[in-house]
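Using the hints provided, position chain B relative to the given structure of chain A.
Residue numbers (the working numbering), protein chains in the order written: chain A, 1 to 488; chain B, 489 to 718.
Quick caveat, the hints were computed from the structure, so don't treat them as lab data. Think of the CB as a built atom: it goes at the ideal place given N, C-alpha and C, for glycine as much as any other residue. There could be a bad hint or two in this list.
[Said to hold, decoys possible] For lysine-lysine, the following DSS-like pairs were computed, each having C-alpha atoms within a straight-line distance of at most 27 Å:
{"id": "1", "chain 1": "A", "residue 1": "16", "chain 2": "A", "residue 2": "97"}
{"id": "2", "chain 1": "A", "residue 1": "87", "chain 2": "B", "residue 2": "503"}
{"id": "3", "chain 1": "A", "residue 1": "338", "chain 2": "B", "residue 2": "569"}
[Unchecked claim] Label-pair restraints from in silico Cβ distances:
{"id": "4", "chain 1": "A", "residue 1": "108", "chain 2": "B", "residue 2": "639", "range": "41 to 47 Å"}
{"id": "5", "chain 1": "B", "residue 1": "530", "chain 2": "A", "residue 2": "101", "range": "42 to 48 Å"}
{"id": "6", "chain 1": "B", "residue 1": "638", "chain 2": "A", "residue 2": "436", "range": "30 to 36 Å"}
{"id": "7", "chain 1": "B", "residue 1": "522", "chain 2": "A", "residue 2": "306", "range": "38 to 44 Å"}
{"id": "8", "chain 1": "A", "residue 1": "136", "chain 2": "B", "residue 2": "568", "range": "38 to 44 Å"}
{"id": "9", "chain 1": "B", "residue 1": "607", "chain 2": "A", "residue 2": "136", "range": "40 to 46 Å"}
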Amino acid sequence: MAQTQSFTDYDYSVAKGFVISALFWGVFGMSVGLTLAFELVFPELNADLPWLSFNRLRPLHTNAVIFGFTLSGVFAAWYYISQRVLKVRMVLPALAKTHLALFNLLLVLGAFTLLDGQSSSKEYHEMPWWLDIVIVVMWLMWGAHMFAMLGARREKTLYVSIWYFMACFLGVGMLFLFNGLAIPTWFVTNTGNWWHSVSMYAGTNDAQVQWWFGHNAVAFVLTVPIVAISYYFIPKQANQPIYSYRLSLWSFWGLIFVYLWAGPHHMMYSTIPDWVQTLGMVFSLVLIIPSWGSMINLLLTMSGRWEQLKTDPIAKLLVIGSTFYGFATLEGPVQAIKSVNAIAHFTDWIIGHVHNGALGWVGFTIMGAIFHMVPRMYNTRLYSVRLAENQFWIQTLGIVFYFTSMWVAGVTQGSMWRTTDQFGNLAYSFLDTVRAMVPYWSLRAVGGTLYLLGFWMFIFNIWMTIRQARTQQGAEVPAEVPVTAKAA
Amino acid sequence: MSNKQSGSIFEFIEKNSLLLGVSIFVLITIGGIVEVVPSFTQNARPITGLKPYSALELAGRQIYIRESCNACHSQLIRPFKAETDRYGAYSLSGEYAYDRPFLWGSRRTGPDLHRVGNYRTTDWHEAHFKNARQVSPGSNMPNFPWFFEDSVDVGTVHAELVTVRDVFGVPYDQGENPKSGNTLEETHQLIIEEAGAVVEQMKDQSIKDAYAQGDVKDIVAIIAYLNRMK
Numbered sequence: 001m002a003q004t005q006s007f008t009d010y011d012y013s014v015a016k017g018f019v020i021s022a023l024f025w026g027v028f029g030m031s032v033g034l035t036l037a038f039e040l041v042f043p044e045l046n047a048d049l050p051w052l053s054f055n056r057l058r059p060l061h062t063n064a065v066i067f068g069f070t071l072s073g074v075f076a077a078w079y080y081i082s083q084r085v086l087k088v089r090m091v092l093p094a095l096a097k098t099h100l101a102l103f104n105l106l107l108v109l110g111a112f113t114l115l116d117g118q119s120s121s122k123e124y125h126e127m128p129w130w131l132d133i134v135i136v137v138m139w140l141m142w143g144a145h146m147f148a149m150l151g152a153r154r155e156k157t158l159y160v161s162i163w164y165f166m167a168c169f170l171g172v173g174m175l176f177l178f179n180g181l182a183i184p185t186w187f188v189t190n191t192g193n194w195w196h197s198v199s200m201y202a203g204t205n206d207a208q209v210q211w212w213f214g215h216n217a218v219a220f221v222l223t224v225p226i227v228a229i230s231y232y233f234i235p236k237q238a239n240q241p242i243y244s245y246r247l248s249l250w251s252f253w254g255l256i257f258v259y260l261w262a263g264p265h266h267m268m269y270s271t272i273p274d275w276v277q278t279l280g281m282v283f284s285l286v287l288i289i290p291s292w293g294s295m296i297n298l299l300l301t302m303s304g305r306w307e308q309l310k311t312d313p314i315a316k317l318l319v320i321g322s323t324f325y326g327f328a329t330l331e332g333p334v335q336a337i338k339s340v341n342a343i344a345h346f347t348d349w350i351i352g353h354v355h356n357g358a359l360g361w362v363g364f365t366i367m368g369a370i371f372h373m374v375p376r377m378y379n380t381r382l383y384s385v386r387l388a389e390n391q392f393w394i395q396t397l398g399i400v401f402y403f404t405s406m407w408v409a410g411v412t413q414g415s416m417w418r419t420t421d422q423f424g425n426l427a428y429s430f431l432d433t434v435r436a437m438v439p440y441w442s443l444r445a446v447g448g449t450l451y452l453l454g455f456w457m458f459i460f461n462i463w464m465t466i467r468q469a470r471t472q473q474g475a476e477v478p479a480e481v482p483v484t485a486k487a488a
Numbered sequence: 489m490s491n492k493q494s495g496s497i498f499e500f501i502e503k504n505s506l507l508l509g510v511s512i513f514v515l516i517t518i519g520g521i522v523e524v525v526p527s528f529t530q531n532a533r534p535i536t537g538l539k540p541y542s543a544l545e546l547a548g549r550q551i552y553i554r555e556s557c558n559a560c561h562s563q564l565i566r567p568f569k570a571e572t573d574r575y576g577a578y579s580l581s582g583e584y585a586y587d588r589p590f591l592w593g594s595r596r597t598g599p600d601l602h603r604v605g606n607y608r609t610t611d612w613h614e615a616h617f618k619n620a621r622q623v624s625p626g627s628n629m630p631n632f633p634w635f636f637e638d639s640v641d642v643g644t645v646h647a648e649l650v651t652v653r654d655v656f657g658v659p660y661d662q663g664e665n666p667k668s669g670n671t672l673e674e675t676h677q678l679i680i681e682e683a684g685a686v687v688e689q690m691k692d693q694s695i696k697d698a699y700a701q702g703d704v705k706d707i708v709a710i711i712a713y714l715n716r717m718k
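Excised from the complex, chain A in its bound form (with noise of 0.2 Å):
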């Protein structure tokens, strides 16, 4: 801690492309998905066109949230939060940059692959395997990065975001590649369409490999390094070390062991075998353990310094975020528990879950991380706190519009399928569920455009602060600043 003066000098170019990556995938998949709500409402929206269609941006609307918007805050994450907690400025900024312009080109051509219909079917694994071999090589970028960080690496204990952050190349790698497994079809005949392959697995085996992926994807994507984001920006922004060292230790070894074993939760009552299916329940409610270590942990981080959520719009969108890593990782477990699926399966109730997780925990901290870092990164302030403030609030109002209507929709459709009138026959036809779902889809949809509303503020005052800091380049630096630079 000698040479505090080196320390403070970063590189931060790469951070700063993925922050603007993320600000443009968030808007674009989030204006995607809310066409599709729109489009549950208006099945007119569709136009008879297929590139409009609910079926085909369906896949688009999920892969540019979670890998694009995602994947984008996360990259940025670890290129600002490495050099800091690794004590050494970004190594090889050549290979940076060519990761990040490779992840945004196969991130376009994804869409663009995706509207054709080229799609492997598999949930958040849809794109064609050629890409699948360029999202390998843009993620090797990132594991050569990060393992190029930590041999440079100055500061000898890793911080436990470095933890979340190896896990997460780690685990996303593994998974990713034992799905992916097809064989393109083209190379054994020579015909057709060369993107097309046939899955390596069939049936009952596949949809076992997929949900094994499918779930832990959103461990290793959605969970795991989010978790790393948090342990790194709440105590910052809290200006105080973390609660518990002992607790981050035991959540981080607990979470990344039982996480895998709870992917057949996807599958209750299907043909997997039955010992699968318990197992599966049994880990998802052990799940809750680690989860919430993690979540009383940053949580605490804030002990004595509760106060600053009155004034402090991105400790409250790191703090909520947090709680709704909470909520959602009590809700997963709730409805892994197999008479609950029984009806909550096929229900909007799980799209109203992952919702909670997406909007609340990952949108929340990523965001929060993102208000956090532009300011230090450009040496500026931020353009406006009440415009966050206001952001916020307008937020977490659209978030509980979508989750409530969730609920209710997924219940009561889940129970309409499954009434009987006094002759023990199904009271409703199909039909009838799904015009019962109309109130609550356009409620969705209104939930949905609180927040796209909240993220379009979101943009405009980190654009405002980038633009003001071009303004201000040459003259005195901010007051405010020093906060970080005592803390880094």
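For chain B alone, kept in the frame of chain A given last:
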């Protein structure tokens, strides 16, 4: 980081990035190995009497995947009375033996389709793909007019057929099972032969006219696939 005295092993691991990486990797592999691997061979066995997808059905299945029909429709009937009453017998693992990929879906915005061939007909599908709300008032399914314009991609069907036959040993050409084409032209002929029965049941004259020219439209293939789902 406070509380340094706890866990000397962990303290050692978190100073050695390679060891940390290896420890993480070992730990995350265990769940998958225990849960996925043991039943792998058993799950892959087809149920008695299961036939591979014919060339035309395979074409329909490719369309189903291209359009992500599985985003809104499941192919998994769970063993509940409410489900078997609505959709038919509950699904068995061996029925999926030739499904690459599986298409169980995760959200029923529309109904399950695993046995849709038992209760919907060719002309119902034809009208429904043209205009879903005319057939099912209140439905929010998109219309698929392009199914009536685009022709079946024979090359890709042939490629998949030969791949699953030669690489995965799917039993084409055995007993009552559907035939596979050895050449692109043979597969094309198989598709045309099989399409006749579907086209005959359809109303749209343009589909019939195209068929007379040897041109099989996507709508014929997707209906053949759905009719097979029993």
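Structure-based check of each hint:
A C-alpha spacing of about 11 Å is found between residue 16 of chain A and residue 97 of chain A, which places the hinted pair at or below 27 Å, so the restraint holds. Straight-line distance between C-alpha atoms of residue 87 of chain A and residue 503 of chain B comes to about 14 Å, which keeps the hinted pair within the 27 Å bound. At roughly 16 Å between alpha-carbon atoms, residue 338 of chain A and residue 569 of chain B fall within 27 Å of each other, so this suggested pair holds. The hinted window of 41 to 47 Å between residue 108 of chain A and residue 639 of chain B is violated, with their beta carbons roughly 29 Å apart.
In this structure, residue 530 of chain B and residue 101 of chain A meet the distance hint of 42 to 48 Å, their C-beta atoms being roughly 46 Å apart. Range check, residue 638 of chain B to residue 436 of chain A: about 35 Å between beta-carbon atoms, so the 30 to 36 Å window is met. The beta-carbon spacing between residue 522 of chain B and residue 306 of chain A, approximately 43 Å, falls within the hinted interval of 38 to 44 Å. At about 41 Å, the CB distance of residue 136 of chain A to residue 568 of chain B agrees with the hint of 38 to 44 Å.
With their beta carbons about 44 Å apart, residue 607 of chain B and residue 136 of chain A fall inside the hinted range of 40 to 46 Å.
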